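S.K.: In case you want the letters, here they are:
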Amino acid sequence: MKLSPKKNILRSYVTNRKFGPYYLPVRFQNKLLKQYCEEKNKIFTLSTGEIVFGDSYIQLRSLIKDINKNEGLVLISTYVLPKDTKFRNEIINYISKKKIECHFIFENLICKNKNDFKKINFFFKLRNFTNS
Amino acid sequence: MIIKKYQNNLEKFFLNNGYIKFKIKNKIINLLKKKIIFFTEEITGLKNINLEKFHEFYKIEKLNNLRIKLYEKINSDKEFNKKIFQSSFEHIELMVGSELCNGNLNLSIQYPHDKTSVLSMHTDFFSGESIFQVNLWIPFVDVKKTSSMFIINPLKSINLLKKIKESKKFTISNIFKQNKKDIKWLNMKFGEGMLFSPNCLHGNIMNLEKNTRWSINVRLKNLYSPYSKIQENEKKIGSFYNIFTPKIITQFNLKHSFDEIIA
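In the order they appear, the protein sequences are chains A and B. Numbering-wise, our numbering puts 39 at position 37 of the first sequence, and it's gapless, one number per residue. Numbering-wise, our numbering puts 428 at position 126 of the second sequence, and it's gapless, one number per residue.
Hints in this document: simulated from the structure, not taken from any laboratory. Quick caveat: nothing in here was measured; it's all calculated off a predicted structure. Be a bit skeptical, because a hint or two may be false.
Once the Cα atoms are required to be at most 16 Å apart in a straight line, the calculated EDC-like pairs of lysine to aspartate or glutamate come out as [claimed, not checked]:
id : chain 1 : residue 1 : chain 2 : residue 2
1  : B       : Lys470    : A       : Asp118
2  : B       : Lys479    : A       : Asp68
3  : A       : Lys99     : A       : Asp86
4  : B       : Lys471    : A       : Asp57
5  : B       : Lys355    : B       : Glu343
6  : B       : Lys371    : B       : Glu343
7  : A       : Lys116    : A       : Glu92
8  : A       : Lys71     : A       : Asp118
9  : B       : Lys417    : A       : Asp68
10 : A       : Lys100    : A       : Asp57
11 : B       : Lys471    : A       : Asp68
12 : B       : Lys470    : A       : Asp86
13 : A       : Lys20     : A       : Asp57
14 : A       : Lys20     : B       : Glu343
15 : B       : Lys385    : B       : Asp484
16 : B       : Lys467    : A       : Asp68
17 : B       : Lys471    : A       : Glu92
18 : B       : Lys465    : A       : Asp57
19 : B       : Lys464    : A       : Asp57
20 : B       : Lys361    : B       : Glu381
21 : B       : Lys470    : A       : Asp57
22 : A       : Lys20     : B       : Glu536
What follows is a set of in silico ranges between Cβ atoms, one per label pair, in the way DEER data are often shown [claimed, not checked]:
id : chain 1 : residue 1 : chain 2 : residue 2 : range
23 : B       : Lys512    : A       : Asn130    : 55 to 63 Å
24 : A       : Glu40     : B       : Phe434    : 54 to 62 Å
25 : A       : Ile107    : B       : Glu343    : 39 to 47 Å
26 : A       : Arg29     : B       : Lys307    : 19 to 27 Å
27 : B       : Glu313    : A       : Ile69     : 37 to 45 Å
28 : A       : Arg29     : B       : Lys464    : 26 to 34 Å
29 : A       : Thr47     : B       : Glu343    : 43 to 51 Å
Covered stretches of chain A (in silico footprint by chain B; criterion: 3 or more residues with CB under 8 Å from a CB of chain B, positions within the stretch not fixed) [claimed, not checked]:
id : region
30 : 15-26
31 : 108-115
Where is the CB? At the ideal position from N, CA and C, for every residue including glycine.
When you get a sec, could you build the whole thing from the sequences and use the hints?
M.R.: Here it is in C-alpha cells:
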C-alpha cells in the first residue's frame, strides 16, 4: 500500500547554538537531516531554525503548532530541547498530545508514544548523574 | 553621485522606517533581467519567457530544481554579480561603507498561491547574522501587497522582538496575526531597488496576486563591522560572509604578516 504523502513528511528543526556539548553549523545539520530523511524514505522539508537569543523556543513551539496531522518531526539530538525540565516537559507533552512522531538522529531514537517520549527525560537524568 | 539633501532625506527615512527605495539605471536593470531570462530559458528549454506569467507555463513541481540551478548560474556569473553591485553601489556605500563583505545572491520565485515559498516573519539575526548588515532587494517584475515582502518599522519591531525573546506562550503566527496592522507591504516597480535593515521584522505570506514574483536579495556589511558575538556561531567571514571589496590596505596586510609582529 502506498503511504499518503503527508505520512512521509518530516518537518525539520535546527539550532544555531550549542546543544549539550555539541555545536554543528546549520548547513551541516541540514545535510544530516536530509540524509536521514532519505535513508528513512521520508520527505525532507526546509528546516526551521531556532532564534539565537532568549530561551523562549518560539520557533520550535511555532513549528509544533503548525505541523499538519500525520507529519513528523526530526531533530539532530535530544540535547536541542530545553535544559529546564518543566519547560522541556511542556514541549514534550505538546508533541506527544498532537501524536507527532519525533525523530532524534544522534540518539537514534524515534518517539511514537508516551513511553518513547519518557526516554528523553531518562537521557537528560542519566547525563546529569554521570556529568556526560 | 548622491547629493547632500537627498542623502539627508534617505538617512531620516531609513532611521525611522528601516528601508529605502531607489531607482536603478535602466541599462543595468534591463541587462540583469535579460540574463535571468536567458539562464531560465537555457535551463528549462522554454522560449520567450514572460516572468510575470511564468507560473502558467512551468510546473510548480519543477520549480525548486530550477531555483537551485539558477542560484548556481547567477552566483558563478561574474558580470551578473558586478552589475547587481553597480546597480546600488552609491546607496550601499551610504549604508555600510565601501569595504564590504557579502553573502551569496539569493533568488526568489514566488508563484501565486504557492504555500511552499512562504518565509514567515523573522529578523536575520535570529540565526546569528550581524546586526550591522543591510539587505539589497531587487524585484524583476512589478510587485505589490502579497507578491512583495513586508517590513515592520524599527520601534515596533523591537517591541515585538522583546515578546519573542521573553514569552514562552506566543508563537510567530500568533504575533503576526495580532500585529497585522503594523506591517508595511513594499510595493515596487520593476527598475526600483531597496535596501532594508534585516533587524526589522520582515517576511512574506502566500502570494495572492495574479503574477509570479522574481526577486534577488543579497546581504552586505562592512568587512570590519561586528559579527555575531556567539563564539561558536558560523555566521562569520569565510563560513557565511565572503570578502567582497577589500581596500588596498587590507590587501597589503593580508599579503604581509605585520599583524603577527604585534600579536
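S.K.: What hints, given by number in increasing order, does this structure fail?
M.R.: 1, 3, 8, 10, 14, 15, 16, 20, 24, 26, 29, 31
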